[in-house]
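Undergrad: Sequence:
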Amino acid sequence: MSKHRTASHRCREPHRARLVAEDSAGHAGLAVLLTALAITLPLVAMARDGEPANKSERAPVSSVAAPPSASPTSGTELPDGEVAAAAGPVPRPSEPPASPVAIPERGSGRFEVAAAPAAPLEDATTYRVEVEKELPYTTKQVARFVETTLSDDRGWAAEHRLARVDGHADLRIVLATPETADELCAPLDTDGRLSCRNGDDVVLNAWRWHFGADSYASKLTAYRRYVVNHETGHALGYPHVGCPGNGVPAPVMLQQTKGLDGCTANPWPARVDLAGH
3 MSKHRTASHR
13 CREPHRARLV
23 AEDSAGHAGL
33 AVLLTALAIT
43 LPLVAMARDG
53 EPANKSERAP
63 VSSVAAPPSA
73 SPTSGTELPD
83 GEVAAAAGPV
93 PRPSEPPASP
103 VAIPERGSGR
113 FEVAAAPAAP
123 LEDATTYRVE
133 VEKELPYTTK
143 QVARFVETTL
153 SDDRGWAAEH
163 RLARVDGHAD
173 LRIVLATPET
183 ADELCAPLDT
193 DGRLSCRNGD
203 DVVLNAWRWH
213 FGADSYASKL
223 TAYRRYVVNH
233 ETGHALGYPH
243 VGCPGNGVPA
253 PVMLQQTKGL
263 DGCTANPWPA
273 RVDLAGH
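Residue numbers for the sequence shown, in our numbering: 3 to 279.
Check the hints yourself; a few may be wrong.
With a cut-off of at most 25 Å between alpha-carbon atoms, the simulated SDA-like pairs for lysine to any residue come out as follows [claimed, not checked]:
(1) Lys135 to Arg156
(2) Lys135 to His170
(3) Lys221 to Trp209
(4) Lys135 to Ala117
(5) Lys135 to Ala159
(6) Lys260 to Arg156
(7) Lys142 to Ala159
(8) Lys142 to Pro189
(9) Lys221 to Ala118
(10) Lys221 to Gly194
(11) Lys221 to Gly264
(12) Lys135 to Asp193
The set of hints was computed from the structure by calculation and includes no laboratory data.
From a predicted model like this one, the values you see are computed outputs, not experimental measurements.
Take these sequences, add in the hints, and give me the full structure.
TA: Given below as structure tokens:
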């Protein structure tokens, strides 16, 4: 209703103004009035939200739009939660997939061996890294992670010389699907969800590798370091140990996948681990 009244009111104004102009100033007054109307009438075309109804009349974006806000600076996640500084603003990450990457319960039992970068150290305990073919992890990724863990001075490297090879080795470290892991761990009962050391085989259960354990919450990188150190520790002759006290870092040879017994999660060997050798 208000729109019609406004239009009607504007239609009457030219008639009234024309009469006034003729009575007072003649044609010169009429010219002034027509100029004013030429400026005023386009306002009728304004949309309700205040923007011009005709898109061609809008001001250029560069003159009216605020600059887009930059995405928060983020970095690349590194092992143990460290973050590498980003070079500048980066795009916001896309939404996560509707479901996690599938870890098959059973694979073919065929493994791919990771190529080794160098000859082994003299008098070192050698190990070979293998990944079951059906898993969504490359041998290069897994081998690099295992090697950086076992060569870290916070780990067994402080007490043992370890070297990765791609031929004959003292230890075989494998990432396997749950059912293949069960077969490699037998007669140990790993129930499709636990890792083990059985003879010369260090068997990492891919389900655990992918999902971690409640004891480590969302710290998946730290959990993976723990399971590599724990099972390799068995291969080096270290037995299970208990939690030495509430609130202290857990020994790496504590079965942290099953619980912490009052300790705090810790992926590296502690003094109590070394004392049990």
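Undergrad: None of the hints should be skipped; say for each whether it holds.
TA: To see whether the hints hold, each was checked on the structure:
1. Lys135 to Arg156: violated, 31 Å
2. Lys135 to His170: The given pair, whose Cα atoms are some 20 Å apart, holds under the 25 Å limit.
3. Lys221 to Trp209: Holds, at roughly 15 Å.
4. Lys135 to Ala117: holds, 15 Å
5. Lys135 to Ala159: violated, 29 Å
6. Lys260 to Arg156: Holds. Lys260 to Arg156 sits at ~23 Å (cutoff 25 Å).
7. Lys142 to Ala159: holds, 21 Å
8. Lys142 to Pro189: violated, 30 Å
9. Lys221 to Ala118: violated, 28 Å
10. Lys221 to Gly194: holds, 22 Å
11. Lys221 to Gly264: Since the Cα atoms of Lys221 and Gly264 sit roughly 18 Å apart, the hinted pair holds (cutoff 25 Å).
12. Lys135 to Asp193: With Cα atoms ~21 Å apart, Lys135 and Asp193 stay inside 25 Å; holds.
The structure shown violates the earlier hints numbered 1, 5, 8, 9.
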